[in-house]
Structures are given as structure tokens and as C-alpha cells.
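K.L.:
Chain by chain, the residues run as shown.
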Amino acid sequence: MDLIDQILIQTINGIVTGMILALVASGLTLIFGIMDVVNFAHGELFMLGAYVGVLTLSATGSFWLAFVAASLVIALLGAAIYLVTLRPLLGRDPLTTILATFGVSLVLQNYALWQFGPAARKIQEPITGHFSLFYLDYPYYRLVIAALAGAIMGGLWLFLKYGTYGIWIRATTQDRVMAQAMGIPVPWVLAGVFAIGSAMAAASGVLYGPTVGVNYAMGIDWVLKAFIVVVVGGMGNLGGSVLAAIFISLLEAYASLWVSPSQAVIVSFVALILTLLFRPTGLFVATPK
Amino acid sequence: MSAAAAIAAAPADPLLSVEGIHTYYGKSHILNGVSLSVGRGEVVGLLGRNGVGKSTTLKAIAGLVRVSQGAVRFDGRAITALPAHRLARLGIGYVPEDRRIFPLLTVMENLRTGLDRHGVSKARKAELVDKLFAFFPRLAERRNQLGGTLSGGEQQMLAIARAMMLEPKIILLDEPTEGLMPRMVSQIREIIAALHADGVAVLLVEQNVPLTLEAGERIYFIEKGEVRHHARAADLRVDDPVIHRYLGV
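Chains as they are written, first to last, in my numbering: chain A, -4 to 284; chain B, 303 to 551.
Hints listed in this document are in silico derivations from the structure and should not be mistaken for laboratory results. Any given hint could be a false lead.
Calculated cross-link-like contacts (lysine-lysine; reagent style DSS-like; alpha-carbon spacing at most 27 Å) [unchecked claim]:
hint, chain 1, residue 1, chain 2, residue 2
1, A, K156, B, K526
2, B, K471, B, K427
3, B, K424, B, K471
4, A, K156, B, K471
5, B, K433, B, K471
6, B, K526, B, K329
7, A, K156, B, K329
Looking from chain B toward chain A, a few residues come up when the C-beta cut is under 8 Å (computed) [unchecked claim]:
hint, residue
8, Y327
9, G328
10, V367
11, A386
12, R414
13, D418
14, V422
15, R464
16, E469
17, K471
Cβ atoms here follow ideal geometry from the backbone N, Cα and C, with glycine treated the same way.
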């Protein structure tokens, strides 16, 4: 086991984790970018997505059906959460939306505990093969995760860049009042964005489920890391979030060569603090003049 | 001009009629019963000093400011309570004072915010864009440039062009010549004439009195949130006592 091999393995691990984290964080940053809402319930949407995946998988036996079903169900749940808890708070102090989404996260977490119990459920990965990577049997599925996460984010980018609804979303982000005056149905755009962000959280939950097991608290770690990523990448900056997710995951992966993985988390916080101190607008955006 | 003559000048079956609207910003009473009307394809000017409620009148018509009393009727229906995006689809184009181009959208994407509506065929969209670019060659050259990088005059062109993509029946123009070079001001005059020739009504708020008298058919004078006077543009001169009285120029 020489160091070079280990570094290469950790690079691959870091990128795979980074892609999933990017998928979680881009949902979060999309929602923040368009409506200035910091969604503390995002981790629970990730977790519930994984549970919908577990249930669909056990009912149908198809992982891919579970993946699609989880995204759709959680998209609807996200839109409902938006309509019921956030829409009435639009235009109020941002603190009220933080409290509201935090409340939603507690409700959803405890609902999952009550409904599914504390024991972790397993999602069987759809692809079970391994290939040898230096001294390791590396599962193909982890590469599939990274590729799929990348494909979803690429699809989102194309949608935002070229689609009519993508232009509506970007126009609404830049000037909500003028977007309305141009006939863009802003209330629907906001609900739609919340649904898309939620679906991305659910998709990541199902994709990541097979590697860790699904339990009611699985969202907490992810949402914390996703918040670090969103800040380090620049609030509301989609491309920045993706880069920051990979950057943070690589840092942690390399750090865990020398310390235990739970200690390696410290480097993300260090990165967060340094970013806030020296580049508060984000690592990957040009500093505004 | 007598009150009877003023009423005679207003259209019998207006496209837009504003009937005694009141609006508030917080506790301050901005519009105090504004009434006016605009006929189909008619160019109407709205003059008054700064801060008397001209911009607020346009915003209230566009649905961007809540009307707490009074009514707005457009094309034969009451629209007072409709959300702004519905009004835009009904054919009310709004060009705000500060232009409010989407800075991070390209010129073409800015246009698409108004163009990409349900029920507009691809061919019709292409036709509208071609016609627009023939009229605004500067925008055609810059179609892939970000809105925020355009000059002030180009942004004003884009703001008007963007509203035209809605195929509106009326365009609400808020101080389109503000901060523009004289050459651009005469271009604004041409644009208003072209809209008029196309049968689009214009409600024009301006500080530029000569332009307003030249472009408009009728002029409303607004003071302290109320319409105080109403006259045919042809009956007014730039140095008219009426102008002095309401604008203090």
C-alpha cells in the first residue's frame, strides 16, 4: 500500500462523494438563489427520498423505478411544503423562513422515525460488480453514482440555459417584479423550483442509499455538508457549488489518509471558516469590485 | 378648456380606463383617486412634477402596486385584482423607468421572457423577432450579449423591445428618454410613432414636455395623486400657462 495508490483511491472516492454532495447542494443553492430561502429541511427531503426508494424497491424490485418514483414523490412533497409553509412567509424577514424550514425538518425526521423505526434499511444496488483498483475491489456502482449525478446536473444546466422554463427561472432570480410584468407566472416558478430542488435531494438519497443504508437521521450530515458547500461555492451560485462540493470532498478524502474519517470532517469546517474570512462571496466567484 | 370639452376628447369606448384608483405605500397615500382613459391605438401623455404619482399610476395599471380603491378596466373587463403576470398576457406591456433589463440574460433571452408564451407558434415567434430586429438593428447585432453590458440607450431599446414581444395592446412607458443622449431621444419618438402605426396604444409618462406634446394625442396633468387637468395635445404649447401651472417650467 504505497501512498501514491492511496492518494489515487482517495481521489476517486472524493470525486464520487463530491458528485453526490454537489447534487444535494445544487438543489439547495437553486432554491436559495431564486427565493433567498435557506431550506433546512433539505436533508430530510434527501432522507425521505431514500425511504420512498426503499419502499418502491421492495414493492417492485426495480431500483430505477424506485429512483424515478422517489424523485417524483418528493418533488410533489417539496411543492406542497413550499405552498403551505414558505409561500405565506414570502417577503418577510429571512429568519422566519429559516425557522419554518427547521420546523419542517424536525417534523419530517420524527415522522420517519415513527413510521420506519430507528433501524437502517438497505437499498440493494442495481449494479453489483467490482473492478480491481490497486489493492481494492472497487464497486462499479460508485462510478455509476458519480456519472448519474453528473448527468442530472448537466441536464439541469441545459434546462436552465436553453429551456423556456429555465429562462423563466433565471429571469425570476434576477428581478422578480419585472419577471411578473413580462407575464412569467412567478408563484408557479417558485413552487416549481422548490419541486426541482426537492427532487434532486431525493434522487441523491436513492443513489447514495446503497452505500450507507437508509435511516431517519441520514439527512443531517448531508445537509450540514451541503450548507458548507453552498457557502464555499458562493450562495446561489450553481457552478460554484458543484466545484466546492468536489473540492470539499477531496479535502476530506485526503485528510482521512492520516486521521479517522470523523476527524477529517474538520477540514471542511476549516475551509468554511477560511472562505468566510477571506472570500465571503465564495471561493469560485470573482470577488465583486 | 372647459370640462365638457375635456370629456368630449376622451374616447367613448376606451381600451383602458382607470376609475378613481387609490394606492398606498405603507401609510403614505400615493394615488388619491386617479381617473384616466386610453383609446385603442391612442398615444396619451401623463405629465406632472416629480413624485406626484405618475410612475405609481403605471405600476398600478400593470398590477405591480396594489389598488386599494377604485377600478381598472382593460379591453372590456375588470382587471383590478388580477396578478401582474396575467395582465401581461392580456396585452399590457410595461417599460419601467429604470429599464430593469435582466442583466444576466442575453438580449435574445430578455426577449424570450415575453416571447415564449403558450399559443404562439414557432413561425409567429420568428416573424416577431425578425420584425423587431429589422427595427432595432443594434439589438440584432448584440443578440448574444448580456443585457447588463449594454449602454443605457441600448437597454432602453431592449426594455421597449421586450415589452413588444408580448404583442401588447398597450405599452406603459415610464420616462423612456431619461438620461439618454438627444440622438436617442429622437429615436424614442420614432419608436412611439411606429407603435402608434401598428395600432398599439401608449401611455407615456415623461419629463420631456416637447416630446410628449408631439407624440401624444391627449395629455393628462397629475398633481398630488390626482388628475387635475386634461387637454388635447394640439391645444397645448410648450410655453402654455397650463404647462407652467402643473409643471412649474
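K.L.:
Look at each hint and say if it fits the structure.
P.N.:
Against the structure, the hints come out as follows:
1. Restraint check for K156 (chain A) and K526 (chain B): not satisfied, since their Cα atoms lie roughly 46 Å apart, outside the 27 Å limit.
2. Distance restraint check for K471 (chain B) and K427 (chain B): the Cα-Cα separation of roughly 17 Å lies within the 27 Å cut-off, and the hinted pair is therefore satisfied.
3. For the hint pairing K424 (chain B) with K471 (chain B), the CA-to-CA distance comes to about 21 Å; that is within 27 Å, so the pair holds.
4. With a C-alpha separation of about 30 Å, the suggested pair K156 (chain A) and K471 (chain B) falls outside the 27 Å cut-off, and the hint is violated.
5. The straight-line distance between the Cα atoms of K433 (chain B) and K471 (chain B) is roughly 17 Å, inside the 27 Å bound, and the hint therefore holds.
6. With a C-alpha separation of about 15 Å, the suggested pairing of K526 (chain B) with K329 (chain B) holds against the 27 Å cut-off.
7. Note on K156 (chain A) and K329 (chain B): the hinted pairing is violated, with a Cα-Cα distance of about 42 Å set against a maximum of 27 Å.
8. For Y327 (chain B), the suggested interface contact is broken, since its CB lies about 14 Å from the closest CB of chain A, more than 8 Å.
9. Residue-level restraint check for G328 (chain B) is violated (minimum Cβ-Cβ distance to chain A is 14 Å; threshold 8 Å).
10. Interface hint at V367 (chain B): violated, since its Cβ lies 10 Å from the closest Cβ of chain A, which is beyond the 8 Å cut-off.
11. With 8 Å as the threshold, the beta carbon of A386 (chain B) comes within range of chain A, its nearest partner Cβ sitting at about 4 Å, so the hint holds.
12. At about 5 Å, the closest approach between the beta carbon of R414 (chain B) and any beta carbon in chain A falls short of 8 Å, and the interface hint on this residue holds.
13. A hinted interface residue such as D418 (chain B) counts as satisfied when its beta carbon comes closer than 8 Å to some beta carbon of chain A; here the least separation is about 4 Å, so the hint holds.
14. The beta carbon of V422 (chain B) comes no nearer than 11 Å to any beta carbon in chain A, farther than 8 Å, and the hint placing it at the interface is violated.
15. For R464 (chain B), the interface hint holds, the least distance from its beta-carbon to any beta-carbon of chain A being 7 Å, beneath 8 Å.
16. Residue-level restraint check for E469 (chain B) is violated (minimum Cβ-Cβ distance to chain A is 11 Å; threshold 8 Å).
17. With its C-beta approaching chain A no nearer than about 13 Å, K471 (chain B) sits outside the 8 Å limit, and its interface hint is violated.
Taken one by one, the earlier hints fail for this structure at numbers 1, 4, 7, 8, 9, 10, 14, 16 and 17, listed in ascending order.
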